[in-house]
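So the protein lines, in turn, are chains A and B.
FYI, the numbering used here numbers position 214 of the first sequence as 214, with every residue one higher than the one before it.
FYI, the numbering used here numbers position 189 of the second sequence as 189, with every residue one higher than the one before it.
Be aware that a few hints might be false.
No farther apart than 25 Å at their CA atoms in a straight line, the calculated lysine-lysine pairs in the BS3-like style are these [claimed, not checked]: (1) A:K216 x B:K73; (2) B:K137 x A:K8; (3) A:K216 x B:K56; (4) A:K214 x B:K73; (5) B:K7 x A:K214; (6) B:K73 x A:K8; (7) A:K214 x B:K3; (8) B:K137 x A:K216; (9) A:K216 x B:K206.
The hints are simulated quantities; they were obtained by calculation from the structure and are not laboratory data.
So you can see what is in the structure, the chains are spelled out below.
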Amino acid sequence: MKALMNIKWKHYINYVVVGAFTIYLAYMAFAGDMPRSQTTLYTDIGVTIILAVSLSMVVGFLGELSLGHAGFMCVGAYVGGKLAATFTEMFTDLNEYIIFVIALTVGGLAAMLCGFIIGLPALRLRGDYLAIVTLAFGEIVRIIFLNSGGVFGDQSGMKTPRLDRQILPFISFILVLVTLFVTQNIIRSKHGRAITAIRDSEIAAKATGINVTKYKLMVFAIAALFAGIAGVLSSYTENKIQAATYDYNYSIEMLVIVVLGGMGSINGAIVASVLITYINNVLQTQLQGNMAVLKNLIYAIVLIVIVIYNNAPALKGFRETYNIKNLFSKIFAKKHDPSKVHDDEAKWDRVPTKIDIDEVLSVDIQTGSPYAPDKSEKEKN
Amino acid sequence: MSKVVLKTENLGISFGGLKAVQDLNLEIHEGQLYGLVGPNGAGKTTVFNMITGVYKPTTGKFWLDGENLTGKKQETINHKGIARTFQNIRLFNNMTVIRNVLVGLHNQKEFRCSMLESILRLPRHFKTEKAMRERAKEILRIVGLEEERNNLSCSLPYGKQRKLEIARALATNPKLLCLDEPAAGMNPHETEELMDIVRRISSEYKITILLIEHDMKFVSGLCDEITVLNFGTVLAQGTPDVALNDPEVIKAYIGG
């Protein structure tokens with residue numbers, strides 16, 4: 001019992017939620033009467049979560065801006081899809097699920113190799129420059145597959161085998177669980193600490209003996225591995241792979257999800273994936289013809305709103321008042337009555353006074369103490 | 001005489017013709033508290049940057065325990081046993097105090113645990129994790145930050161942030177600890193405390209210490225031997241009393 005109490009439940013809440021949904025999907029697959037719109041939606045959500053969680057490792061935890069995630073996915077989709085197609089033709093008596101697992105492994109490993117190669121310039125480039133390189137990588141990969149001279153299909157796409165529609169959402173969520181397991185266990189270990197140390201201060205990390213090269217390559221490779229797996233999975237949802245699906249807009253969509261979920265928050269990435277995929281799905285059915293372009297506008301607006309909301313000095317008061325954490329603490333905390341506070345246990349920073357305590361004390365109070373004045377925006381940056 | 005921990009020979013570096021440091025010959029013995037002083041811009045931090053691998057020296061070599069480390073990478077030099085703190089504090093701001101120290105323990109041999117073991121949560125992961133936490137607490141106790149171990153490191157006051165940097169450097173198990181202006185920005189009381197800590201690290205843990213400091217009371221109260229730099233060249237070397245009273249040194253500080 002005590003062991004159960006000691007477990008930090010909030011660390012495992014995402015397993016519980018995703019696991020429960022996986023069981024629900026297994027049940028639905030067994031019943032076998034999910035409508036087509038739902039199977040597509042659930043599979044897409046699974047694919048998006050895998051992509052977002054793996055990208056959040058690069059962007060949120062390692063602190064490198066990567067815009068090539070769709071490129072890794074493209075590699076996985078084409079390599080895995082091609083392999084699956086050939087295997088289905090060559091070995092007709094081989095179980096389709098075995099072929100799927102082989103395709104998943106090979107597609108993932110191919111993407112991992114690409115991730116490793118892209119990780120190499122990442123050691124020298126920072127910020128925007130790395131974003132440009134990864135963006136270019138994604139486009140190059142897509143165009144190579146598009147013009148592969150028949151090896152990987154033609155302009156209209158490449159035919160791939162497909163699994164039972166009813167089971168695909170279940171498989172997709174099993175892979176989500178695997179992704180969560182691997183990424184969270186890395187983040188919550190000494191290796192995760194090293195990775196976040198690199199994000200916080202690369203110079204200090206080096207001086208503390210962290211092998212920055214090794215960890216950067218590792219994170220890029222692992223993130224690419226999962227992107228590749230998501231790619232293979234997505235290649236199984238349609239009869240055809242179309243290179244146009246994996247253009248840079250898709251990478252940016254992933255970035256929007258990671259930013260929306262909050263950088264460095266895996267649970268946030270999951271929630272944001274579900275949200276954005278759902279909105280996407282609705283928009284796709286609502287917007288027809290030329291209006292479909294408007295879909296991309298949403299990401300731009302979401303991204304701009306989040307960045308402004310998080311950083312604008314004018315919204316500081318608003319942020320503090322309507323912060324979810326503060327709201328919760330306001331609801332659950334006991335009412336604070338200054339008249340009932342005894343002198344020796346008073347928390348003076350919470351007692352309302354008309355004097356702006358910050359101004360009075362700002363001269364000789366050190367930063368960091370509970371009474372210290374807020375840092376100005378300039379200092380924070 | 002005890003054995004030499006750090007030895008530099010004609011160590012020098014120039015940036016586009018400007019000779020920031022030239023012909024530096026140091027010999028730091030085991031267990032010594034060695035000071036590096038000099039007016040602003042004398043090249044003290046540049047010396048630190050050279051012996052920790054941030055810059056590659058253009059001339060000369062340096063040895064740690066007889067092993068030539070000239071031009072090696074920062075992390076390699078750290079593994080070999082030189083740890084440092086920074087003049088402008090560089091902590092991992094989004095981590096708690098104890099995590100900062102845990103990052104420092106990352107490369108210790110006894111806490112080895114591969115990424116695969118961590119992913120699969122094999123017993124070794126939990127064992128090392130627990131042992132690392134114990135050790136980190138011990139190290140925090142040395143600098144007196146054990147109580148604050150679960151606070152965010154950026155929320156600590158300035159003086160404690162400096163101590164945490166020392167703790168993080170200590171965690172890498174160094175033979176030579178380089179402190180870059182550890183007492184900068186501290187009040188006299190905090191400086192006293194810090195002197196105590198440095199003395200204890202030196203005597204109890206047998207770690208050789210090289211420090212840069214402007215506070216002459218701090219230097220003369222602590223160091224066995226000092227080197228005075230000015231414009232990248234050595235003005236004087238010796239015990240604090242002798243070196244600080246050297247006419248050249250007085251001239252460099254006061255002018256004349």
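Q. Going through the earlier hints one by one, which of them does the structure break, listed in rising order?
A. Violated: hints 5, 6, 7, 8 and 9.
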